[in-house]
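Student: Please model the complete structure; the sequences and the hints are all you need to start from.
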Amino acid sequence: GENVEQHPSTLSVQEGDSAVIKCTYSDSASNYFPWYKQELGKGPQLIIDIRSNVGEKKDQRIAVTLNKTAKHFSLHITETQPEDSAVYFCAASGASGTYKYIFGTGTRLKVLA
Amino acid sequence: EAGVAQSPRYKIIEKRQSVAFWCNPISGHATLYWYQQILGQGPKLLIQFQNNGVVDDSQLPKDRFSAERLKGVDSTLKIQPAKLEDSAVYLCASSASYEQYFGPGTRLTVT
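Listed in order, the protein sequences are those of chains A and B.
When you line the first sequence up against this note's numbering, it's residues 1 to 113, in that order.
When you line the second sequence up against this note's numbering, it's residues 1 to 111, in that order.
I should point out that these hints are in silico values taken from the structure, not numbers from a laboratory.
Take the hints with a grain of salt, since some may be wrong.
What the hints assert, rightly or not - Listed below are the simulated DSSO-like cross-link pairs for lysine-lysine, each with C-alpha atoms no more than 27 Å apart in a straight line:
(1) B:LYS44 <-> B:LYS15
(2) B:LYS71 <-> A:LYS100
(3) A:LYS37 <-> A:LYS22
(4) A:LYS22 <-> A:LYS42
(5) A:LYS42 <-> B:LYS15
(6) B:LYS78 <-> B:LYS62
(7) A:LYS22 <-> A:LYS58
(8) A:LYS57 <-> A:LYS22
(9) A:LYS71 <-> B:LYS83
(10) B:LYS44 <-> A:LYS22
(11) A:LYS37 <-> B:LYS44
(12) A:LYS68 <-> B:LYS71
(13) A:LYS68 <-> A:LYS42
(14) A:LYS58 <-> A:LYS100
(15) B:LYS44 <-> A:LYS42
(16) B:LYS44 <-> A:LYS110
(17) A:LYS57 <-> A:LYS68
(18) B:LYS11 <-> B:LYS62
(19) B:LYS78 <-> B:LYS44
(20) B:LYS62 <-> A:LYS100
(21) A:LYS37 <-> B:LYS11
(22) A:LYS100 <-> B:LYS78
(23) A:LYS42 <-> B:LYS83
(24) A:LYS42 <-> A:LYS57
(25) A:LYS57 <-> A:LYS71
(26) A:LYS110 <-> A:LYS42
(27) A:LYS42 <-> B:LYS78
(28) A:LYS100 <-> A:LYS37
(29) A:LYS42 <-> B:LYS11
(30) A:LYS100 <-> B:LYS44
Tutor: Next comes the structure, spelled out in structure tokens:
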């Protein structure tokens, strides 16, 4: 069935360093890949997304890359700050037109001051 | 623009009791989702509505869970009777296309 694998499950970085989180998806029909940030006691917040016709997208300190051939996509956070500490989830859309997501298992990012 | 509203934020019940959650999506969003998020896991889709029709409820435990979306706006999710393994955060999300926006969730504890 459809599956999204996410690594690592936890990640600790020093403030100012970069963080990279990787996801692999199984459904070749997936065409939309969002990333969410979830802080304690809150719902997931959409931080960046990418569609299958684009290889890379950047928004200030956050970037996402997509390799459709390998079915990989990654989140890159540069110049990390303590407020970046949270759990990050990747997701992949299901069959075209359904807007259904399959989520990864999450990465707990800790930025050490 | 107001976000997705959910209530209550917290609920504690005993097993075999019933509980209901309410969601008000972002105005104009035709698609509404209910997810279950167990501690330490990613959200899992329970049911997806398009306006007031069900698009996908393949992972909804229909013997105890039910959901409705009257008039294509607000939605309620009900659990009856609750089991210990239903302890989780129940998230509601809405979308106009691909981007889904989540509410704060309802944390359910079943004792």
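Student: Next, verify each hint and record whether it holds.
Tutor: The hints, checked one at a time:
1. B:LYS44 <-> B:LYS15: 22 Å, holds
2. B:LYS71 <-> A:LYS100: 22 Å, holds
3. A:LYS37 <-> A:LYS22: Status holds; Cα separation ~14 Å.
4. A:LYS22 <-> A:LYS42: Distance ~23 Å between LYS22 of chain A and LYS42 of chain A Cα, so the pair holds.
5. A:LYS42 <-> B:LYS15: 25 Å, holds
6. B:LYS78 <-> B:LYS62: Roughly 10 Å between the alpha carbons, so the hint for LYS78 of chain B and LYS62 of chain B holds.
7. A:LYS22 <-> A:LYS58: 16 Å, holds
8. A:LYS57 <-> A:LYS22: Distance of about 15 Å is within 27 Å: holds.
9. A:LYS71 <-> B:LYS83: 37 Å, violated
10. B:LYS44 <-> A:LYS22: Holds, at about 20 Å.
11. A:LYS37 <-> B:LYS44: With a Cα-Cα distance of about 16 Å, the restraint between LYS37 of chain A and LYS44 of chain B holds, given a limit of 27 Å.
12. A:LYS68 <-> B:LYS71: Outside the cut-off at roughly 39 Å; violated.
13. A:LYS68 <-> A:LYS42: With Cα atoms ~31 Å apart, LYS68 of chain A and LYS42 of chain A exceed 27 Å; violated.
14. A:LYS58 <-> A:LYS100: 24 Å, holds
15. B:LYS44 <-> A:LYS42: Roughly 16 Å between the alpha carbons, so the hint for LYS44 of chain B and LYS42 of chain A holds.
16. B:LYS44 <-> A:LYS110: Since the Cα atoms of LYS44 of chain B and LYS110 of chain A sit roughly 24 Å apart, the hinted pair holds (cutoff 27 Å).
17. A:LYS57 <-> A:LYS68: 14 Å, holds
18. B:LYS11 <-> B:LYS62: Roughly 21 Å between the alpha carbons, so the hint for LYS11 of chain B and LYS62 of chain B holds.
19. B:LYS78 <-> B:LYS44: This hinted pair holds, its Cα atoms lying about 16 Å apart.
20. B:LYS62 <-> A:LYS100: Holds: LYS62 of chain B and LYS100 of chain A sit about 19 Å apart, inside 27 Å.
21. A:LYS37 <-> B:LYS11: Cα-Cα ~24 Å, so holds.
22. A:LYS100 <-> B:LYS78: 21 Å, holds
23. A:LYS42 <-> B:LYS83: Roughly 24 Å between the alpha carbons, so the hint for LYS42 of chain A and LYS83 of chain B holds.
24. A:LYS42 <-> A:LYS57: The hint holds at about 26 Å.
25. A:LYS57 <-> A:LYS71: Holds, at about 16 Å.
26. A:LYS110 <-> A:LYS42: Status holds; Cα separation ~17 Å.
27. A:LYS42 <-> B:LYS78: 21 Å, holds
28. A:LYS100 <-> A:LYS37: 18 Å, holds
29. A:LYS42 <-> B:LYS11: Holds, at about 15 Å.
30. A:LYS100 <-> B:LYS44: 11 Å, holds
This entry does not satisfy hints 9, 12, 13, going by the numbered hints stated previously.
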